[in-house]
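Going line by line, the protein sequences match chains L and Z.
Using my numbering, the first residue of the first sequence is number 68, and each one after it goes up by one.
Using my numbering, the first residue of the second sequence is number 48, and each one after it goes up by one.
Careful: at least some of the hints might be erroneous.
Which bits of chain Z does chain L cover? Going by a derived footprint, with three or more residues having C-beta under 8 Å, they are [claimed, not checked]:
{"hint": "1", "region": "50 to 59"}
{"hint": "2", "region": "84 to 94"}
{"hint": "3", "region": "106 to 115"}
Under the rule of at most 27 Å between Cα atoms (straight-line distance), these lysine-lysine pairs were calculated in the BS3-like manner [unchecked claim]:
{"hint": "4", "chain 1": "L", "residue 1": "K234", "chain 2": "Z", "residue 2": "K145"}
{"hint": "5", "chain 1": "L", "residue 1": "K204", "chain 2": "Z", "residue 2": "K49"}
{"hint": "6", "chain 1": "Z", "residue 1": "K49", "chain 2": "L", "residue 2": "K241"}
{"hint": "7", "chain 1": "Z", "residue 1": "K145", "chain 2": "L", "residue 2": "K69"}
{"hint": "8", "chain 1": "Z", "residue 1": "K145", "chain 2": "L", "residue 2": "K91"}
{"hint": "9", "chain 1": "Z", "residue 1": "K108", "chain 2": "Z", "residue 2": "K133"}
{"hint": "10", "chain 1": "L", "residue 1": "K234", "chain 2": "Z", "residue 2": "K162"}
{"hint": "11", "chain 1": "L", "residue 1": "K234", "chain 2": "Z", "residue 2": "K155"}
If you are wondering where the hints come from, they were derived from the structure by calculation, not from laboratory data.
Please read these numbers as outputs of a predicted model, since none were measured by experiment.
Where a beta carbon is used, it is the ideal one built from N, C-alpha and C, also for glycine.
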Amino acid sequence: MKELSLNILDIAQNSVKAGASVIKIDLDESDETLGIAITDNGCGMTEEQVASVMDPFFTTRTTRNVGLGVPLLKMEAEQTGGGISVESSVSEENHGTVIKALFYKNHIDFIPLGDIVSTVSALIQGAPGIDWVFTHKKGEGSVELDTAEIRAVLGDDVRLDEYEVIKWIEDYLKEGYDSLT
Amino acid sequence: MKSLEELAAIREKMKGKVVLREGSGDIRVVVGMATCGIAAGARPVLNAFVEGVNNEGLTEKVTVSQTGCIGVCQYEPVVEIFEAGKDKVTYVKMTPEKAAEVIEKHLKGGEVVSKYTIAAAVE
Ligand SMILES: Nc1ncnc2c1ncn2[C@@H]1O[C@H](COP(=O)(O)OP(=O)(O)O)[C@@H](O)[C@H]1O
Numbered sequence: 068m069k070e071l072s073l074n075i076l077d078i079a080q081n082s083v084k085a086g087a088s089v090i091k092i093d094l095d096e097s098d099e100t101l102g103i104a105i106t107d108n109g110c111g112m113t114e115e116q117v118a119s120v121m122d123p124f125f126t127t128r129t130t131r132n133v134g135l136g137v138p139l140l141k142m143e144a145e146q147t148g149g150g151i152s153v154e155s156s157v158s159e160e161n162h163g164t165v166i167k168a169l170f171y172k173n174h175i176d177f178i179p180l181g182d183i184v185s186t187v188s189a190l191i192q193g194a195p196g197i198d199w200v201f202t203h204k205k206g207e208g209s210v211e212l213d214t215a216e217i218r219a220v221l222g223d224d225v226r227l228d229e230y231e232v233i234k235w236i237e238d239y240l241k242e243g244y245d246s247l248t
Numbered sequence: 048m049k050s051l052e053e054l055a056a057i058r059e060k061m062k063g064k065v066v067l068r069e070g071s072g073d074i075r076v077v078v079g080m081a082t083c084g085i086a087a088g089a090r091p092v093l094n095a096f097v098e099g100v101n102n103e104g105l106t107e108k109v110t111v112s113q114t115g116c117i118g119v120c121q122y123e124p125v126v127e128i129f130e131a132g133k134d135k136v137t138y139v140k141m142t143p144e145k146a147a148e149v150i151e152k153h154l155k156g157g158e159v160v161s162k163y164t165i166a167a168a169v170e
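Start from the sequences and build out the full structure, keeping to the hints where you can.
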């Protein structure tokens, strides 16, 4: 991918497909590192599925869906000296998945984060019924968005994928980033 | 600063519109957003459709949505257009610029932009 924000879009789509009702995207950035965590309460994966997601060439008779999204993120993190972890549970009361990636920003192979605002707006546009919780901590400051708060204002009358709402969200995030720097 | 009051104003404004939207969505624009599509540039194409459809005042008639892999990875970004009573049109190797043209000619004008379709690409 040309931007890590595109990986985030791709990985978070898996959470949507897994039937999550809440998806959190946490970015934690220092001068040296960028941590990405995507947490969902979707159907989760078995241990075997997690192993196959990490390594597309690891296949057993029971694992089918081999994609490239997670291995790509893994490769991109490892090439900076970082890595990823996948934790998942299929237990009835506590199902869900956490995918974490750590990047070393000063490494020559670090791919920039890019247009994260477009990623967040594309995700909300594609799955307006989900609660999206986005947090980007950068040094002392942070940019935060929780669609539950937006929905509380909009009520049931207006969907989050209405253009004007999407536009508001984009502008809100952009202003947040402007005040960070 | 963007405020929640602004959102409340959007709510007031949209309330009336919602009723109108119920029976609409004659045309469905579907953007492939799987790993291959995203890597090939689907995100700006999606944005171009969402924004263009709004700016051209087509939101009553056209809905823009996302899907997973459409199955022709070498032609990504792929956009499919569904319209009742018509054959599905598949546009391939899309860009925001091509999207603007498709909005103008196809969505507004009702005329398929043949040069960007999969049929033209496989020839
Ligand atoms: N958050 C998640 N929750 C449940 N299943 C997941 C999750 N992420 C990935 N998976 C499973 O792993 C498979 C492979 O994921 P991925 O490598 O991103 O490829 P792709 O998105 O192309 O299918 C998915 O199809 C899905 O079955």
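Verification of the hints:
1. By the rule of at least three residues with a Cβ nearer than 8 Å to a Cβ of chain L, the coverage given for the region 50 to 59 of chain Z holds, with 6 such residues.
2. Residue count for the region 84 to 94 of chain Z with a Cβ under 8 Å from a Cβ of chain L: 6. That meets the three needed, and the coverage hint holds.
3. Check result for the region 106 to 115 of chain Z against chain L: holds, 5 residues qualifying (beta carbon to beta carbon below 8 Å, three or more required).
4. Using a Cα cut-off of 27 Å, the hinted pair K234 (chain L) and K145 (chain Z) holds, with the two alpha carbons roughly 22 Å apart.
5. Taking the CA atoms of K204 (chain L) and K49 (chain Z), the gap is about 20 Å. The hint holds against a cut of 27 Å.
6. As the CA atoms of K49 (chain Z) and K241 (chain L) are separated by approximately 10 Å, the hinted pair is consistent with the 27 Å bound.
7. Only pairs whose Cα atoms come within 27 Å are accepted, and K145 (chain Z) paired with K69 (chain L) is accepted, the gap being roughly 21 Å.
8. A hinted pair counts as satisfied when its Cα atoms are at most 27 Å apart, and K145 (chain Z) with K91 (chain L) does not qualify at roughly 33 Å.
9. For the given pair, K108 (chain Z) sits about 15 Å from K133 (chain Z) by alpha-carbon distance, which is consistent with the 27 Å threshold.
10. Taking the CA atoms of K234 (chain L) and K162 (chain Z), the gap is near 31 Å; set against the 27 Å cutoff, the hint is violated.
11. Among the hinted pairs, K234 (chain L) with K155 (chain Z) is consistent with the structure: their alpha-carbon atoms are about 22 Å apart, no more than 27 Å.
Comparing the model with each numbered hint stated earlier shows that hints 8, 10 do not hold.
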